[in-house]
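**Student:** Residue strings, one per chain:
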Amino acid sequence: MTQIVELEGVTKDYGNSTRALSDVRLSLRKGNWTTVMGPSGSGKTTMLNIIGCLDSPTGGKVNIAGVDIAGLDQRGLTKFRRENIGWIFQQYHLVPYLTALENVMLSQFYSGIVDEPLAVEMLTKVGIGHRLQHYPAQLSGGEQQRVCIARALVNEPSLILADEPTGNLDQNNGKIVLDLLERLREEGHTIIIVTHNTEIAGLGDRTIELVDGKISLDRINERKHGEVI
Amino acid sequence: MFMRILGKSIARRKQRVAIAIVAVVMGAAIASALMTTSMAMKDKVGQQFRNFGANIVVIPKSDTIEVGLPGITFGSVTEQRYINESDLWKIKEIANWSANVLGYAPFLYQVVGVNGSDGRSLNIVLAGTYFNRSVENVTKDANGNLWATGIRRIAPYWDITGKWVKDGNDRRESIVGTIAAKAMGLSIGSVYSVNYVNPDTQNVTTRDLEVTGIVNSGGAEDSQIFVDMEVAQEISNRPGKVHSVQVSALCTNCPAELIGQEIEKSLPTVQAKSVKQLVLAENQIMMQLEQTMTLVTVVALGASALGVMTTMTTNVIERRKEIGLLKSIGADNRRIAALFLTEAAIIGLAGGAIGYGIGLGLAQFIGQSVFQSSVEIVPIAIPITMAISVGIALLASALPVRRATQVEPAAVLRGE
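If you're matching them up, the sequences are chains X and D in order. Mapping the first sequence onto our numbering, position 158 (from 1) lands on 158, and the numbers just tick up by one. Mapping the second sequence onto our numbering, position 150 (from 1) lands on 150, and the numbers just tick up by one.
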């Protein structure tokens, strides 16, 4: 199976008056980097949350990694998220009283297997193997984001979802993070990035643009290695 | 990993956790103090009640004979009966409740004639009794001492001026009630004569007695004369006989009726009646005491629960993002609840342990100031205090934890 995400007529309403997503149809291939763009309030994050099982659609079908997630209850969604989704947040969302290593192990703990050497390996892979015992407050924004990426990767998820991963970073740290994501794509990970940054969009295999909850652009990109920001 | 998360999360919020522990400590200390006092002092309260005198009266079973003509009843006569003094030791040796029998005092009453202070002849009740007499047949104590009983054991409320009569020591000694002493113009050391007229033979027996003490009890005793049992038996020629026995029984849960039944089993010719007013008063006061203690404990625990609930609610509100994150990386509601409930249990355990210690000190203070005696440690109070503290902490955390499980990760992670 090459399709990992399939959305069919997905809508999402907040209350009676706000429609965040309207009849979204989308099919994403495994191993691709897809960039989701659009103005604020266009429904990008809502779509990402639905794909990442943090939110449920009001209507339509959502199939992730061959599983119809509409048929899952809250517990089932949590289990599915734990086993298949790796999240990278704009605000990093690290637990402040745990070290970098413990933050990565936290993700392992909730998946059922705590493997410290693997957590160390992941942090080394993202370039902060020397900062294992540092707390988030002792790390720079770029370093915190790399801990966040290591945490997302450690359970080997089918999908990596990144919501504005460079939004809070300076140019240098942003490049480091994007290089990392590029490397992950090369390793065969499926990545979906939500961003405002048009230059990031050029790095992906495909760019989706949302306007008012509808897909207004769906473009396959030419690969442009090394053209980061 | 769970304990590491828990430990670090608690260490990071030391002050808040300390406030919650203090809240539990307050409730646990009061619960533990009142529980320890209540459990340890039940016997002491019972003993205090025993200062008010006997609570069981033993009298001979009487046969009532109806008199009259065939078909017409004029009334009934009751044959005078006695209890054998030689059987009295059995009161202390009854089955099941032996330890509860603190003491007894037998009485043999007779009306004697005395000279009043104004020279006129007076009739007065003379009672033979035990003052503090060792009883041979009763099981000896651990040190091999004989068990002793008498008025001094069962009526500590008697206010004696002078000296007590020494049992079997001097056949002249007597204690005179304060009203009787005044009527007879007697004081300590006075020697006086009593005359007993045998109702059957009309023989008069005269005996010289000396006042060793004057009793002021506020009751009928103030108008009577008390002498050694043998003296009374000699005067009225009723050797080995007593009219009644007053028994002081320690009734923590007041089984006075049961003790009475056991006495009747041991001495089949007697009937043992509990002094209902005293028993009821004891029961009522004990019940009121327990109710007050329970009420105070409930209020204190309620305040503790409120304190814990406030802290846990603040905890959940402050950690909403963290909860959202944990959910996003796969923590289900069960695990989120476990995190907060374990923290609550730790708060409960810590608060319970400290509270128990403080409560023990408080119980000693209550014991010393109210009962003038120290309070023994009641081992069962430890697990009960711990269980109550943990239970209160968990119960108070129920609502905050429910709130934690309702956190929507998508909403909190995007900053709503």
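Check each hint, because a few of them may be wrong.
[To be verified] If you anchor each label on the Cβ, the simulated ranges turn out as follows:
1. X/G202 <-> D/A11: 42 to 48 Å
2. X/V114 <-> D/E318: 44 to 50 Å
3. X/D218 <-> D/A337: 39 to 45 Å
FYI, nobody ran anything at the bench for these hints, they're computed from the structure. Every residue, glycine too, gets a C-beta built ideally from N, C-alpha and C.
**Student:** Evaluate each hint against the coordinates.
**Tutor:** Against the structure, the hints come out as follows:
{"no.": "1", "hint": "X/G202 <-> D/A11: 42 to 48 Å", "in the structure": "holds (46 Å)"}
{"no.": "2", "hint": "X/V114 <-> D/E318: 44 to 50 Å", "in the structure": "violated (26 Å)"}
{"no.": "3", "hint": "X/D218 <-> D/A337: 39 to 45 Å", "in the structure": "holds (42 Å)"}
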